[in-house]
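*Asks:* Protein chains in written order, with the working numbering: chain G, 896 to 1227; chain C, 3 to 327.
Careful, some of the hints might be misleading.
Simulated crosslink set (SDA-like; lysine to any residue; CA at most 25 Å straight-line) [to be verified]:
no., chain 1, residue 1, chain 2, residue 2
1, G, K1099, G, N1163
2, C, K310, C, A153
3, G, K1214, C, A153
4, C, K157, G, P1219
Stretches of chain C that chain G covers, calculated by requiring three or more beta carbons in the stretch to come under 8 Å of a beta carbon on chain G [what the hints assert, rightly or not]:
no., region
5, 45-53
6, 57-67
7, 74-85
8, 219-233
9, 263-272
10, 293-306
Just a sample of chain C residues kept apart from chain G, beta carbon distances all over 12 Å, derived [stated by the list, open to error]:
no., residue
11, L10
12, T14
13, A71
14, R108
15, V136
16, A246
17, H322
FYI, nobody ran anything at the bench for these hints, they're computed from the structure. Glycine is no exception: its CB is placed at the ideal position from the N, C-alpha and C atoms.
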Amino acid sequence: MSNAFLHNICLQRESKSYIDSLYAILTAAGLFQGPKYMLSGLTGMAFKMSVHEHLLPLSVSAYGQWGNEHEPAITNLGLLSETDAGRTRHPTFRWYQEQAVIAVKQSLDRGVGAIYWIPEFGVIQGYDDADQVFFVQDGWNAESQVVLYDNFGLNFTPFWYYETFGDRVAIALQDMVLESLRLAIQDWHTPYKTLPNTDIASGKLAYTFLREGLHGGAYDAGGAVYILDAYAVSRTEIRDYLRDVQGMWPELLGALNCYEEIVKMLPNMMCCMQENQGVRQIDSDRIAELVTELGVAEVLEDQAIRLFQVISEQYPDRKRTTLPRWGAHSPR
Amino acid sequence: MALQKVLLENLTLPQHANSYIDALHAILTHQGWITCSKSMLAGMTATAFRFTVDCRLTAESTSAYNWIAENFLAADFIGVTASSAAGFHFEPTFPLYLKQALSDIRKSLDRGIGCAIWQDRFVVVAGYDEDQQVLYISDGQAEGYRTLPYAQFGKGDSPYWYYQFLEGHIVLDEIAVYQESLVQAIFKWETHELMLPEAEYACGEAAYDAMIEAFRTGNYDPLGVREVIPYYATAKKDIATYVAALERYWPELRDASEKYRDVAQQWEKAARLFTTIETVDNLAPINTIIDLFEAAKVLEEEAVLSLKRLMRETINNRFHDIGLR
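With these hints in hand, go ahead and build the complete structure from the sequences.
*Replies:* Quick look at the structure:
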């Protein structure tokens, strides 16, 4: 009977739950050094923005088919990742669940935590064969939560997901930054990431969905607050990231200025939400103001993306000029 | 403990085999997990129903699909569990994945199960030799096995590396497998593969229009078309055999079965025309070819309508996304 527990893993909910989890795992394993915004920037994850037409809370993590979205992010760090995911209702799930349990335990034995869809994403930091359990950090509770091997992957959403990490190759910082800009461009210009569904928009169109959702009034109140909070965090991350890497290309300074402007608008946007009996809500009197500001932010972000494009076009991009044999969609 | 050398006897791709389903059939048959014909497997996994062309009918048409998603599904539909990975060999992380791939492939061979890999085409790995640092490959071209040095894995002319290894086998309800395959057949006929730019590729029904258009305008790859047409002629023949076999369970399939049989005949005629045309310039029967594909399109459309009538309950339950199980 074996067991493992990685005491140095500490999940803090600040960014997207995937990045929070990744950061906790990689820093504990010595696979990443630096602030969280750098991880969020280099992986391109900070740029991801998705909004459901009714501003449902799922918007924040519905930025695409996870496997396809996370793969380029992890590859850009030079890391090998092993991941499996799917829908728990499929008849082969039980078998994949057993294999996943083995793979996660092996990863923990190597001293590397695993990303796990709770939901949202969290970290598996330990296991104990005697009790047949995993210990999962969810970032909300100080104590890790217990998940039985038999219940691995089961949750109220139809999806299961885990990811572990292997070795890392060194990639030059400038190459990583260039690729992160390209990931940002790609996300900005991809309107729908979960086709054939068109109720969740990505990138530029996500701004439209957000404004129209707020404007229409029939939105999910909690979801709207969550989307705006996540928006504020990610735009701040982008600003911090660009501050650190702006010296690489002259155009980045212009892009940084756009995000500086956006971040300056955030306090006022946040003020459009009020606490009422312990629950934060958007002040309906200030929706018009919020919608206007989001419109300004979209224009600024569009300008920044155009500057990214100027940089991107200076270098060949084999990855995007060669048609892949993966991505775009996951198994049905 | 890892072995030094493994060669799985009798695991070979038949001559002229060139598709993923050929590789899967060879591996599963060798493993003893299936005893059915390749046509039945191509039907059950719904791979025979994939019909995609690049608008210029280049040879690449036959492998232009999402291997990770679709080849996983092929296995999943029949209860075979599998793992796979793929990427561009020019990515900086390729050395890490190469190491992982060789380790996974060797482990699979140690368990006695062959692997499907992409080495400019889908081929089967039937063994390895640690001393020589080579894989033994059966590629459907040369007789027997050829060696592929470990270091050359995934580094063919095409930019892709890919491997899939099979792990387990869960017995599924046979009828449910057949039923799902027919729903997937409809899905493939109606749906464009998301990974492919719509301006350059066409799928299902639209693939017929693209082919006919290419022949009308003469804007097609004369060498590519000689691979594309026989490839899909084989697929259509597999469909005809498969659907005819399913009449046992659903006598109502008779209509679709007859239509698919006629579709396959049209394709066979077209394939024969192309193999008899000696030179690129000598395309006198182009109008005949267009007629054949126009007729085939109508027939296949009718066949699919017939399937839709039979499967209407499942389709209705899936609302706007009939491929999603």
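*Asks:* Going back to the hint list, which numbers does this structure go against?
*Replies:* Violated hints (numbers, rising): 2, 5, 8, 9, 10, 13, 17; every other hint is consistent with the structure.
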